[in-house]
Structures are given as structure tokens and as C-alpha cells.
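Number of protein chains: 2
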Amino acid sequence: MIKAALSVLLVLVAISSAFGKYIPKTGKRIPQTLSRGWGDQLIWAQTYEEGLYWSRSKNKPLMVIFHLPDCPHSQSLKKAMADDVEIQRTLDEEFIVLNLMYETTDKHLSPDGQYVPRILFVDPSMTVRADISGRYSNRLYAYEPLTSSSWSPT
Amino acid sequence: MIKAALSVLLVLVAISSAFGKYIPKTGKRIPQTLSRGWGDQLIWAQTYEEGLYWSRSKNKPLMVIFHLPDCPHSQSLKKAMADDVEIQRTLDEEFIVLNLMYETTDKHLSPDGQYVPRILFVDPSMTVRADISGRYSNRLYAYEPLTSSSWSPT
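Top to bottom, those sequences are chains P and Z.
First residue of the first sequence: 13, per my numbering; consecutive thereafter.
First residue of the second sequence: 13, per my numbering; consecutive thereafter.
These are calculated hints, taken from the structure and not from any lab test.
A hint or two may mislead.
The list treats identical chains as interchangeable, and a pair is accepted whether it falls inside one copy or across any two copies.
Stated by the list, open to error - Straight-line distance between alpha carbons at most 30 angstroms, and here's what the computed DSSO-like set of lysine-lysine pairs gives:
#, residue 1, residue 2
1, Lys119, Lys91
2, Lys119, Lys37
3, Lys40, Lys91
4, Lys72, Lys33
5, Lys91, Lys72
Bound-form chain P, shown alone:
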């Protein structure tokens, strides 16, 4: 560990002459965006701390989406949200947004467990609004896109 770290630092201070473009052995990668496909035009917070900061300073609620790339429910919700102009506009203008693939240390963000997809809202006062939930009684903060034909208001 020290050896590897020092090798980086040594290069860092000496700045070798090996300028150019680094290409990984496995081939060129497409840089990962903060949106991760949930809306490329939104300004996404990177971390929960950053989201809380922006929520407080801009006085807008924070929306936290927990998701996983290999979860089909996450993927279909993502597509529905990213493709909907009105959702994107509302989120962009009235919310601070954050999408996470890893849990935070704040237990308030998992009132009934750590499942995906899961959406929690946080007030600008930094209060997690566990009272805002979806339509499933067993997983209160799960959401899924429904076509209007299969959806009936209760």
C-alpha cells in the first residue's frame, strides 16, 4: 500500500514526461455521468452531504433515489422518469436530486429496509420525510411506473 502510494506521489511531484492519453488495457471506456441515465439534463448532487447542502442553501426538497444497475425494476422506473418531460422539468426546477447505488450512513433513509428502487424525500430543514410514501404497504418507498390503463386512483 505505502509502496504504491509513494510511487504515485513520486510521479506526482516529479511529473514525468509521459504526457498523452491513457487507455486502459481492457479498452477505452465511456466516462460515467452523475445522472446514470436518470436525466442527463438535471444537475445531480454527487453525495448525500452535497445534496443536503444544496437543499438547505437553495431551499428546495431533496429527492434521493436508490437504485441498482442490475435491478429490472430500477431500470424501468429510470426509463419512465428520464423519458418524461414533465417529471424532468419538475425535478429540475423544484428539487435537488441525488441518485445512489450505495447506502449512506443515515439510517433515516431506510425507514423500512434497504431495497431498490427506493425514493426518499428530505426537507430543506434536513428532515427525512418518511411520511411521503408510495402505494405499496410492504415497501413504503418503492415506486414503479404504471401505464394509465392499469392505474386507478383510490
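Using the hints provided, position chain Z relative to the given structure of chain P.
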């Protein structure tokens, strides 16, 4: 807050027919990458929790860079690191990397204050290696690129 949240959720479950591309009033934005310019070919952790998880599971040390977009020292260090093929290769193959613009809740990541640019290393055992420091006695974890002509080994 509730009103705005509900309006999103309502749209979420009903999925309106307003499919298309959302363009912000202020014009189209370029999606922010996780690299933030520190190396587009590296696989960046999004959060500290994610970085710790990858460090532990891949048994590689975690390098955490704190920086700010409007800090000229951060910018010059970023350019030097991103442009150096050897640094990029070492980081890609031997490290888990994370760059942050906001502080975390782990005080161990700011042993002598919260300044930028600042680089801390964390062992796969999740120990912050405060013993790995740079060349400045007043800011132990600050680094800056030096040309080889102005650098002399001690």
C-alpha cells in the same frame, strides 16, 4: 414541499404522455461526469461509502481527492494528474479513486483541516493513512505539480 413531491409522484404513477426530451430554460447542459476532469478513463467511486466498499472488496487502497472547481491549485493539480499516463495507469490498476467537492462526515479525512486540494489514502482495512503526506509541513495532505527542473530530491 409536500405539494411539489406529490405532483412528481402523481406524474410518476400516472406516467403522462409528455414523452420527449427535456431542455432546461437556460439551455442544454453537458452531463457532469464522475471524473470531473481528473481522468475520464478511470472508474470513479461516487461516494465515500462506495469507495470504501470497493477498496475492501478489491483489496486496493482508496485515494480520496478533495478539490473545488474555482480553486486554481486544484485545477493545476487536476491537469497534471489527468495528463500523466503513468499516474493514470497506476491509479487505474492499483487504486480505488474518489474525487469530492464536499466534505464527508468522517473526520479522519481532515486530520489537519478541510482545505483543497487535499489527498488522503485509505487502506483496504478502512484505516485512513494520515501517515502518508506530502511535502508541506503546514498542510500535510496538500500536493502540487512541480516541473522536474524546480524539483530536487532531498
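We went through each hint and held it up to the structure:
In the homo-oligomer, the alpha carbons of Lys119 and Lys91 lie at most 30 angstroms apart inside one protomer (28 angstroms), although the nearest pairing across protomers, at 38 angstroms, exceeds that limit. In this homomeric assembly, Lys119 and Lys37 never come within 30 angstroms of each other (Cα to Cα): the closest approach is 40 angstroms inside a single copy and 36 angstroms across copies. Proximity of Lys40 to Lys91 under the C-alpha cut-off of 30 angstroms is found in both arrangements, the shortest distances being 26 angstroms within a copy and 20 angstroms between copies. Taking CA atoms no more than 30 angstroms apart as the test, Lys72 paired with Lys33 passes between copies only; the shortest distance there is 24 angstroms, against 40 angstroms inside one copy.
Proximity of Lys91 and Lys72 under a CA criterion of 30 angstroms is satisfied intra-copy only: 24 angstroms inside one chain copy versus 34 angstroms between copies.
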